[in-house]
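Assemble the complex: chain A is given as a structure, and chain B must be docked to it using the hints.
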Amino acid sequence: MSGGHELTEQVYAAKTDPEAADALIRQYMGFIRAEAAKFLHRAPVEGQDEELSIVLLAFYEAILGYEKHRGAFLAYASRGIRNRLIDHYRREKKHAKVVSLHEPIQDGDEDALKIDHLEDPTNAIEASHRRSAAKEEITEFEQCLEGFGISFSDVADNCPRQERTLRACQKVLAAARNHPEHLDELVQTKKLPIAALSSLSGVDRKTLERHRRYLIAVLLAFTNGFEIIRGHLYHLSETL
Amino acid sequence: MKENTTYLVMEVHTAYAVLLDNEGRFIKAANAGYQIGDVVEKAFPLKYPEDRKKQAARIMRFAAGLAACICVAVFGVYEYQYFFLPYGTLQMQINPDVEMTLSRSGRVLDLDGINEDGETLIDGYKYDGKDKYTVTDELTDRAINLGFLGDGGQVALLVSSQNAEWAESLEKDLIDELNEHLKQYDLTINVSVGTIETDVLDEPQSITIPIPEPEPVPAPEPSAEPEPVQPAANDSGYGDDASDDLYDDDSAGSPSGGDSSYGDGSYGDSSYGDDGSDDDNDDDNGWDDDIDD
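Protein sequences, first through last, are from chains A and B. Counted from 1, the first sequence has number 222 at position 222 by the numbering used here; the numbering is strictly sequential. Counted from 1, the second sequence has number 47 at position 47 by the numbering used here; the numbering is strictly sequential.
Because the hints were derived from the structure by calculation, they are not lab data. Some hints here could point you the wrong way.
[To be verified] Calculated pairs, DMTMM-like style, for lysine to aspartate or glutamate (alpha carbon to alpha carbon, straight line, at most 25 Å):
hint, chain 1, residue 1, chain 2, residue 2
1, B, K47, A, D22
2, B, K42, A, E9
3, B, K53, A, E163
4, B, K42, A, E142
5, B, K47, A, D157
6, A, K15, B, E50
7, B, K42, A, E209
8, A, K94, B, E99
9, B, K54, A, E163
10, B, K42, A, E46
11, B, K47, A, D17
12, B, K42, A, E227
13, B, K54, A, E209
14, B, K42, A, E50
15, B, K42, A, E92
16, A, K135, B, E41
17, B, K47, A, E136
18, B, K53, A, E9
19, B, K42, A, D49
20, B, K42, A, D116
21, B, K53, A, D17
22, B, K47, A, E209
23, B, K54, A, D157
24, B, K130, B, E99
25, A, K93, B, E99
26, A, K206, B, D51
27, B, K47, A, D116
28, B, K53, A, E142
29, B, K47, A, E50
30, A, K191, B, E23
31, A, K135, B, E23
32, A, K206, B, E23
33, B, K47, A, E67
34, B, K42, A, D22
35, A, K206, B, E50
36, B, K54, A, D49
37, A, K15, B, E41
38, B, K42, A, D87
39, B, K42, A, D157
Just so we're clear, the structure is a prediction, and the values are computed from it rather than from any experiment.
So here's chain A without its partners, still in its complex pose (with noise of 0.2 Å):
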């Protein structure tokens, strides 16, 4: 009983700190493997079976979602899993006829897989240093956003999840980018101007307080030096 509430604890205290609830998940590993292999019939191979990712995030949810009155956390975290597989096979029925690239073909007499035949038309090094390029961005784009108190798992967290309130956002950044000095207001107060915005884009006070750790993070993503960042956000920038 003690082990049960112990785990409880790890559980709660996972759900608020994103280095407690990769500990937990690493020390869950075994489990979350045995989850995925009763669906897979076989053990689970990491980078390459996309079951074994779907497990570990639907392990996250069950994190999220737990409470105590839900029973045994790690039955609880089972049944999330199972649903979770489930919901994902049925997405992926339309997807039935498309052919995996790591599927096994006979060559010779050595066993190959597809994507091994392939020819990768990009450019792996000319990739690699892009990679490390943006690697590099984010990272600076990062220490901005910590120079405010956010990471981006908080961030993602408070992003609009309606589409309604994406474009409200999309609406202030609009405003703010027509009116370059709230975005240096932005940088060097570390405040973001929430009454000039909301004045300035017609969008209520309330939607901006709401959203203010994500309206950082793009008002930020739009100021001076981050343009691999600014680039990737074309749709965004279709749209302002």
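Chain B in isolation, oriented as in the chain A frame:
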């Protein structure tokens, strides 16, 4: 989510990665071996527990709304029928005669005067939206005021409907209500179920009664002796009734015992009578007798 959306991997954790899509959404998604700075085309986003709750609440709201709409539709139709569709008629006979069309709820939908007095009674009367009891009471008041109903008068109520139970119950209720209402008047009025048997015609009618002509009484005729009819001077007597009788008497003793050919007109028209030998022949009638002897 637009087509050709790609995701920039911003942060990587054991169970998930934070991705940035082209529209500026930061999402947590399954980490399929991603590295920071990767651009991926497919993502399995995290489902937040609060979103699940909201979705469940939304489904519940939708289901409740749908159920409410169905209830409103079903009960709306029922209520419409209950309040606005004709369910029966109430005939009120004082005599003025009026007929009310009633809904099941007892709302008066239509009011007609059956006879001329009935039309006079309802003339200018507003029954819209009124209850059957109110209309019955008010029409009785009007009948009293207009002089149609007085002391010793009678009011007959007859409810007709496919639902006999409803009609019967309504008749009882109406009689009770009307009796209660009439207590305010110092009048003795009989309220009953049914119709009033009356000889008074509903409408003035004209009837034509034919009067037959009186027949004249014939006077009694005095009895008189029939006068012998004298034959005309030139009449030979043959062919007349009298001569026939005479001739028949003479021929009664003839051996033939019946009508002999001698009595025929052809005999009388013979040339024997033209030269005066007729008389001799008549007088000489004895030769027949001689034969008989």
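The hints, checked one at a time:
no. : hint            : result
1   : K47/B to D22/A  : 18 Å, holds
2   : K42/B to E9/A   : 34 Å, violated
3   : K53/B to E163/A : 18 Å, holds
4   : K42/B to E142/A : 23 Å, holds
5   : K47/B to D157/A : 11 Å, holds
6   : K15/A to E50/B  : 13 Å, holds
7   : K42/B to E209/A : 31 Å, violated
8   : K94/A to E99/B  : 70 Å, violated
9   : K54/B to E163/A : 15 Å, holds
10  : K42/B to E46/A  : 17 Å, holds
11  : K47/B to D17/A  : 18 Å, holds
12  : K42/B to E227/A : 23 Å, holds
13  : K54/B to E209/A : 21 Å, holds
14  : K42/B to E50/A  : 11 Å, holds
15  : K42/B to E92/A  : 12 Å, holds
16  : K135/A to E41/B : 18 Å, holds
17  : K47/B to E136/A : 29 Å, violated
18  : K53/B to E9/A   : 23 Å, holds
19  : K42/B to D49/A  : 14 Å, holds
20  : K42/B to D116/A : 21 Å, holds
21  : K53/B to D17/A  : 22 Å, holds
22  : K47/B to E209/A : 23 Å, holds
23  : K54/B to D157/A : 16 Å, holds
24  : K130/B to E99/B : 15 Å, holds
25  : K93/A to E99/B  : 71 Å, violated
26  : K206/A to D51/B : 20 Å, holds
27  : K47/B to D116/A : 34 Å, violated
28  : K53/B to E142/A : 31 Å, violated
29  : K47/B to E50/A  : 17 Å, holds
30  : K191/A to E23/B : 24 Å, holds
31  : K135/A to E23/B : 20 Å, holds
32  : K206/A to E23/B : 22 Å, holds
33  : K47/B to E67/A  : 16 Å, holds
34  : K42/B to D22/A  : 23 Å, holds
35  : K206/A to E50/B : 19 Å, holds
36  : K54/B to D49/A  : 31 Å, violated
37  : K15/A to E41/B  : 28 Å, violated
38  : K42/B to D87/A  : 16 Å, holds
39  : K42/B to D157/A : 20 Å, holds
The structure fails hints 2, 7, 8, 17, 25, 27, 28, 36, 37 (numbered hints given earlier, in ascending order).
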